[in-house]
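**Student:** Read top to bottom, the protein sequences are chains R and U. Quick note: to get the working numbering, add 60 to the position in the first sequence (first position is 1). Quick note: to get the working numbering, add 27 to the position in the second sequence (first position is 1).
These are calculated hints, taken from the structure and not from any lab test. Where hints are given, some of them may not hold.
[Stated by the list, open to error] Cut-off 20 angstroms, straight-line C-alpha distance, at most; resulting in silico cross-link-like pairs (SDA-like, lysine to any residue): (1) R:K100 - U:G332; (2) U:K380 - R:E104; (3) R:K77 - R:A126; (4) R:K103 - U:W328; (5) U:K268 - U:H385; (6) U:K382 - R:A109; (7) R:K94 - R:K62; (8) R:K100 - U:R331; (9) R:K94 - R:E135; (10) U:K113 - R:Y111; (11) U:K333 - R:G101; (12) R:K62 - R:V160; (13) U:K382 - R:E104; (14) U:K333 - R:T102; (15) U:K78 - U:T172; (16) U:K483 - U:N275; (17) U:K382 - U:M329; (18) U:K268 - R:G101; (19) R:K94 - U:H269; (20) U:K382 - U:I326; (21) R:K103 - U:L276; (22) U:K333 - R:E110; (23) R:K103 - U:P270; (24) U:K268 - R:E104; (25) R:K103 - U:N274; (26) R:K100 - U:K333; (27) U:K268 - R:T102; (28) R:K69 - R:E110; (29) R:K94 - R:F115; (30) R:K69 - R:Y106; (31) R:K72 - R:Y111; (32) R:K150 - R:K103.
[To be verified] What follows is a set of in silico ranges between Cβ atoms, one per label pair, in the way DEER data are often shown: (33) U:V321 - R:G84: 54 to 60 angstroms; (34) U:F360 - R:K120: 56 to 62 angstroms; (35) U:L379 - R:S154: 50 to 56 angstroms; (36) R:E110 - U:E164: 35 to 41 angstroms; (37) U:S358 - R:G144: 40 to 46 angstroms; (38) U:K333 - R:D78: 30 to 36 angstroms; (39) U:V383 - R:V146: 31 to 37 angstroms; (40) U:K382 - R:F152: 43 to 49 angstroms.
Glycine included, C-beta positions come from ideal geometry on N, C-alpha and C.
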Amino acid sequence: MKMIEAVIKPFKLDEVKDALMEIGVQGMTVSEVKGFGRQKGTKEVYRGAEYTTDFVPKVKIELYVADNMVSRVVETITRSAKTGSVGDGKIFVSDISNVVRIRTGETGESAL
Amino acid sequence: MSLDMSSMKKFLPVLLICLLMLAGGTAIYVEDVAAQAPAAEAAPAAEAPLKADSGDTAWILASSALVMLMTLPGLALFYGGLTRSKNILGTLMHCFLTLCLGSIMWVLFGYSLAFGPDVGGVIGSLEWIGLSGVGTEPHSVYGTTIPHMLFMVFQLMFAGITPALIVGALAERVRFSALLAFVCLWSVGVYYPVAHWIWGGGWLGAMGALDFAGGTVVHATCGMAALVACIVLGTRTGYPKHPMPPNNLPFTLLGTGLLWFGWFGFNAGSSLGANAQAVGAFVATHIAASTAVVVWMFIEWMHRGKPTMLGAATGAIAGLATITPVAGYVSLFPALLVGVCAGTICYIAVFLKNKVGHAVVDDALDVVGVHGVGGITGCLLGGLFASKAMGAASDGLFYGGGFSLLWAQIVMVVSVCVFTGIVSWILVMIVHGIWGFRVTPDEEQTGLDLSQHEEKAYS
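Next comes chain R alone, as it looks inside the complex (with noise of 0.2 angstroms):
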C-alpha cells in the first residue's frame, strides 16, 4: 500500500478528481494549504505600495491506494494537473504500513 500526495494548483482540482474517479480511485483527502517553490509569490498593489505575498495558495490531495495502482494514479495526477508553467506542483509517493476500516475493523489493502 502507498500514500500519495500531490500538491497542485486549486483550479485544477476538479479535473485531477475527475480523472482519479474515472481510473477507480474510491476516495481521496483534500485541504487547502500554502506554501511556496520555484514559483514567485503573488504582488498586491494599494495605491502604489506593493506588497508581496511569498506564500502561494495551492491544493494538497491524499490518496492510499493498492501497490499495483500506483503508476497509473501518478500519470493520471501528472496528466490532469499539469498546465505547463511554473507551479503545477509535486507528487510524492510513500508506503503505509497498515490501514484500518474504523466501522467493520477490516485491516490491509481490503480496509482501502
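Knowing the structure of chain R, use the given hints to seat chain U on it.
**Tutor:** Below, chain U without anything else, positioned relative to chain R:
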C-alpha cells in the same frame, strides 16, 4: 467601586467635551435673556425683510442632506474599506462621531464663531451663540433667498465632514477618546477661524480670495492637519515593512460613489440657490471627477502596469477635491483641465509619499496627497480660470482679470496652510501630552475594533 487613573484618563476628553457644551449652553441662556430687550428697538431700523424662495430653499435642504451623506456613510465606508479588518469599526466610529459632535458644537457656538458678526476680520463674535438671532428669515449676505437657519445647517455639514477627513491620516492607531477630543479642539482652533476668514466676512474674503465650496476651508485645512498629525504621531507599528492591505475595496467604491453623489450637494449647493451657477457647478464637478478618474487610471496603468480599482476611486476623490474651490466659477474646458491636473498632481503626491516619505509620514489613507494637494491645486487654478461669466466675483489671469485674483489665492492658501499647520501641531501635542493620542502597541496589534469598542466587524 474605585475609579483608577487609567479610566479617569480615558474619560477626561469626554468630560472636556461635555464642559465645552455646557459652557455653550449657559451662554445661550444668558444671551436669550439679554436679547429680548433690544430686539424691539432694532426692528424699525431694518430694511424690507428678505423673503425666502421656495425653489432655492428646497434645493439647499436637499443639498444639506447630500453633504451629510458624504460623511456618513460615504467617507466612513471609503476609509473603513481601506483599513485592515481589525480596524474598520474604529474607523467608521471616527467619522460617525466626528459628524455628530461637530453638529452639536456648530449649533451651540461654532456657527457664531465662523459666521457671526465679524470681529477684526479674524473670528465671528459670540452674538449668534446657540443660534440666537438665526431664524427663518434670510440673512442679508449668507444666501439672501434661503432661510438663515438653512444656511446654518448647510454649513453645519461642512463643519462635520472637515475634521472627519483628517481621521484617515491617523487611521489604525489612535485612541478613540483622544481622537474625539482632538476633532473638537481642532474645529474650534482651526475650522471656525478659517471658515470665518474666507466665508464669514473675515480678512481673506475681504481681500478677494475665492473659495467656492471649500478647497481651502475644507480640503487644505484637513490636509495640513493630517500631515502634521501623522508626523507627530508616527507610523503604524510595522509600517511600511508589513503589508497593510485594504480589507474591503468594494466598501471603498461604495463610499466613493456616495461621496461623489453627495458632492453634488456640496458644490452645486454652494451656489445657495437653484440657479444657473448651481447647474454650472454640478456639471464642472462631474466632469472634473470623471476626468481625474480616467487620467489617474491611465497614468497608473502606464507607470505601474495595471489599472487598479483603488486608483480609479482615489482619482475620483482627487478630482472632486480639486474642483471644489472653483466648481461654480469655471466653464467646461477649465473643468476638464482641473480634472487632468487633479489626476496627475495627486498621483505624483501619493507616489512621492510611498517613494520617499514613508519612513516619517504614515498618512495611512492619503488625506494629504488627495485632499490637501487637490484642494490647494484647485484654489490656485481658480486664480487662473475663474470667470465672472460663470459667477465668480472676479476674473482669473486667463480671463483678463490680471494677477490680483491669483495673488489673493496664493495668499489664502499659504496663510491658511501655515496657520493650520501651527495650530494643528499645538493641538496634537496637547492631546498627545495630556491623554496620549496613540493606543498601546498591544492594543494596536489587537486592532481598534476590539481594543476600543469591544466588537468585531466580521465574526
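**Student:** Hint by hint, note whether the structure agrees.
**Tutor:** Taking the hints in turn, this is what the structure says about them:
1. R:K100 - U:G332: holds, 18 angstroms
2. U:K380 - R:E104: holds, 18 angstroms
3. R:K77 - R:A126: Between K77 (chain R) and A126 (chain R) the Cα gap is close to 18 angstroms, so the pair holds against 20 angstroms.
4. R:K103 - U:W328: holds, 15 angstroms
5. U:K268 - U:H385: holds, 10 angstroms
6. U:K382 - R:A109: holds, 9 angstroms
7. R:K94 - R:K62: violated, 24 angstroms
8. R:K100 - U:R331: holds, 19 angstroms
9. R:K94 - R:E135: violated, 24 angstroms
10. U:K113 - R:Y111: holds, 19 angstroms
11. U:K333 - R:G101: holds, 17 angstroms
12. R:K62 - R:V160: Since the Cα atoms of K62 (chain R) and V160 (chain R) sit roughly 14 angstroms apart, the hinted pair holds (cutoff 20 angstroms).
13. U:K382 - R:E104: Holds. K382 (chain U) to E104 (chain R) sits at ~16 angstroms (cutoff 20 angstroms).
14. U:K333 - R:T102: holds, 14 angstroms
15. U:K78 - U:T172: It holds: about 6 angstroms lies between the C-alpha atoms, which stays within 20 angstroms.
16. U:K483 - U:N275: holds, 15 angstroms
17. U:K382 - U:M329: With a Cα-Cα distance of about 17 angstroms, the restraint between K382 (chain U) and M329 (chain U) holds, given a limit of 20 angstroms.
18. U:K268 - R:G101: holds, 17 angstroms
19. R:K94 - U:H269: holds, 19 angstroms
20. U:K382 - U:I326: holds, 16 angstroms
21. R:K103 - U:L276: holds, 16 angstroms
22. U:K333 - R:E110: holds, 12 angstroms
23. R:K103 - U:P270: holds, 11 angstroms
24. U:K268 - R:E104: Between K268 (chain U) and E104 (chain R) the Cα gap is close to 14 angstroms, so the pair holds against 20 angstroms.
25. R:K103 - U:N274: holds, 16 angstroms
26. R:K100 - U:K333: Holds. K100 (chain R) to K333 (chain U) sits at ~18 angstroms (cutoff 20 angstroms).
27. U:K268 - R:T102: OK: K268 (chain U) and T102 (chain R) at ~16 angstroms, within 20 angstroms.
28. R:K69 - R:E110: Given that 20 angstroms is the threshold and the Cα spacing comes to 24 angstroms, the pair is violated.
29. R:K94 - R:F115: Between K94 (chain R) and F115 (chain R) the Cα gap is close to 5 angstroms, so the pair holds against 20 angstroms.
30. R:K69 - R:Y106: Outside the cut-off at roughly 26 angstroms; violated.
31. R:K72 - R:Y111: Distance ~26 angstroms between K72 (chain R) and Y111 (chain R) Cα, so the pair is violated.
32. R:K150 - R:K103: violated, 23 angstroms
33. U:V321 - R:G84: 54 to 60 angstroms: At roughly 57 angstroms between Cβ atoms, G84 (chain R) and V321 (chain U) fall inside 54 to 60 angstroms, so the hint holds.
34. U:F360 - R:K120: 56 to 62 angstroms: holds, 60 angstroms
35. U:L379 - R:S154: 50 to 56 angstroms: holds, 55 angstroms
36. R:E110 - U:E164: 35 to 41 angstroms: violated, 58 angstroms
37. U:S358 - R:G144: 40 to 46 angstroms: violated, 57 angstroms
38. U:K333 - R:D78: 30 to 36 angstroms: For D78 (chain R) against K333 (chain U), whose Cβ atoms are near 34 angstroms apart, the range 30 to 36 angstroms holds.
39. U:V383 - R:V146: 31 to 37 angstroms: With Cβ atoms ~35 angstroms apart, the hint holds.
40. U:K382 - R:F152: 43 to 49 angstroms: The hinted range 43 to 49 angstroms holds for K382 (chain U) and F152 (chain R), with Cβ atoms some 44 angstroms apart.
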